[in-house]
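Q: Take a look at the letters that make up each chain.
Number of protein chains: 2
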Amino acid sequence: MGRWEPNARGRLEEAALELFAEHGYDQTTVAQIADRAGLTERTFYRHFADKREVLFGGGTVLEEALAAAVREAPAEAAPYDVVAEALVRAASFLDEQRRDHAPRRQAVIEAHAELRERELGKMAAWVSTLADGLRERGVEPRLADLIAETGVAVFRTAFATWVTDTRAQDLRSLLREAFADLRAATAG
Amino acid sequence: MGRWEPNARGRLEEAALELFAEHGYDQTTVAQIADRAGLTERTFYRHFADKREVLFGGGTVLEEALAAAVREAPAEAAPYDVVAEALVRAASFLDEQRRDHAPRRQAVIEAHAELRERELGKMAAWVSTLADGLRERGVEPRLADLIAETGVAVFRTAFATWVTDTRAQDLRSLLREAFADLRAATAG
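Residue numbers (the UniProt record's numbering), protein chains in the order written: chain A, 1 to 188; chain B, 1 to 188.
Honestly, the hints are just simulated from the structure, not real lab data.
Any given hint could be a false lead.
A pair counts as met if it fits within one copy or between any two copies, since identical chains are not told apart.
[To be verified] Derived lysine to aspartate or glutamate pairs resembling DMTMM-like cross-links, with alpha carbons at most 25 angstroms apart:
#1 51 with 5
#2 51 with 85
#3 122 with 100
Fair warning: this is a prediction, and the values are worked out from it, not measured in the lab.
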């Protein structure tokens with residue numbers, strides 16, 4: 001990643017999203033992505049394992065952020081708040097991206113069964129990460145699963161608003177609002 | 001559906017689950033299913049549109065039960081309780097099946113990407129049905145989505161317990177418990 005390739009990763013992502021939108025995901029090759037970005041295939045593979053990882057490459061970072069947030073939450077924090085804060089932390093990574101990135105990525109994923117599966121697998125991994133983290137904090141296993149699964153459902157709702165309405169607030173705020181709304185709704 | 005074919009539907013379902021477990025979903029044909037059940041292919045197609053629908057045929061009934069439950073809930077019921085009761089009603093349909101049906105069905109689905117997609121599509125349809133029903137009751141759209149999505153997440157957790165532990169209580173009770181647990185957890 002020498003100085004002659006400033007923001008190669010971002011350029012490759014942008015090129016890939018453009019080409020996926022123009023020609024479809026299946027019809028786009030790594031060579032075309034590299035070419036559009038003005039970079040070599042070799043540079044592509046320095047940043048991504050394969051074409052699919054252009055869409056999912058950020059997943060590991062988010063998962064690690066979730067795990068760390070659960071681990072580092074104050075001992076006295078309630079499990080629901082621990083999960084809410086962990087997801088808000090993950091959301092803040094997405095808020096730092098270009099505002100049009102997530103909606104365009106989402107459109108590619110939704111048009112493609114294999115990518116939808118991969119995305120759902122990612123969400124399932126988030127549930128596991130959160131549930132494992134809660135269990136390590138001493139939360140009873142079934143309750144840990146319930147709160148983790150619920151938390152990711154709340155995330156999904158806020159995320160759907162965020163990607164469909166690009167004038168909406170940042171994802172972090174939408175998420176905080178959703179967790180508060182659910183708390184109010186369950187209070188009866 | 002003459003008298004000479006008692007419980008044809010149930011026999012076809014049982015034969016299909018046996019064959020899917022023995023040879024895999026892809027390797028099983030409708031002819032084999034009918035044969036194992038001691039029925040004709042013609043009878044098969046009187047009950048199911050295709051092989052996949054042996055696994056998903058009950059979906060419409062459950063979706064209609066959900067919609068009806070939301071519609072018929074008392075006007076003063078809180079949205080969270082409306083969704084909880086609707087899902088408990090759907091659960092009671094599953095409780096009426098043979099206790100080993102759902103775990104075996106689940107094993108087939110989890111082994112097969114296309115079927116997992118179909119199952120997730122079904123869950124997404126439940127979310128839409130519940131959210132639409134809540135909106136018709138005057139619940140604000142974003143809150144309707146949030147509660148519907150959360151409700152189905154709670155269902156998924158209870159369902160996972162129910163299919164992995166066949167000595168667990170009935171699904172209805174697990175579900176009621178989970179909704180109460182989430183209420184307690186969000187109360188802090």
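Q: With reference to the structure, classify each hint as holding or not holding.
A: Here's how the hints hold up against the structure:
1. 51 with 5: Classified as within; 19 angstroms inside a copy, 53 angstroms across copies.
2. 51 with 85: Neither. Shortest intra-copy (32 angstroms) and inter-copy (44 angstroms) distances fail the 25 angstroms Cα cut-off.
3. 122 with 100: The answer is within: 21 angstroms in one copy meets 25 angstroms, while 29 angstroms across copies does not.
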